[in-house]
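Trainee: Numbering follows the UniProt record's numbering, in which position 32 of the sequence shown is assigned residue number 32; successive positions increment by one, without gaps.
Treat the hints with caution; some may be incorrect.
Unchecked claim - Per label pair, the in silico range of CB-to-CB distance:
1) Ala45 - Gln81: 38 to 44 Å
2) Gly48 - Gln81: 43 to 49 Å
3) Glu80 - Gly47: 35 to 41 Å
4) Glu87 - Gln57: 26 to 32 Å
5) Arg74 - Met40: 27 to 33 Å
By construction, these hints were calculated from the structure, which means they are not laboratory data. Cβ coordinates follow ideal geometry from the N, Cα and C atoms, glycine included.
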Amino acid sequence: MSGHSYDAEKYWKANLRLIFGSLIVWALVSYGFAILLRPMLAGIAVGGTDLGFWFAQQGSILTFIALIFFYAWRMNKIDEQFGVHEE
C-alpha cells in the first residue's frame, strides 16, 4: 500500500468518525431527549415549559445549528491535518 493510499484511508476514517459522532448527537437530541426521555425531563423547567418539550421545539434546532458549525470547523481541521485543505 502506498503512502498516499494510507493517508487517504486515515482521512476517510477520521471523516467517518466525525459523521457518525455528529449523527449520534443528532439522534440523541432529536429522538432521545425530545421523545424517549421526555417523561424523565418533564420535571425540569426551562423557559416556562418542561425540558423535554423545550428540546423538541427549540433545543434540537439549536443543537443542529451548533452541529453544522462544529462539523465545518472540525472538517477544516481534519483537512489541514491531512494536507487536503483549501488554500
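Trainee: The structure should be examined with respect to each hint, and the outcome stated for every one.
Mentor: Evaluation of the provided hints:
no. : hint                      : result
1   : Ala45 - Gln81: 38 to 44 Å : 43 Å, holds
2   : Gly48 - Gln81: 43 to 49 Å : 44 Å, holds
3   : Glu80 - Gly47: 35 to 41 Å : 39 Å, holds
4   : Glu87 - Gln57: 26 to 32 Å : 42 Å, violated
5   : Arg74 - Met40: 27 to 33 Å : 30 Å, holds
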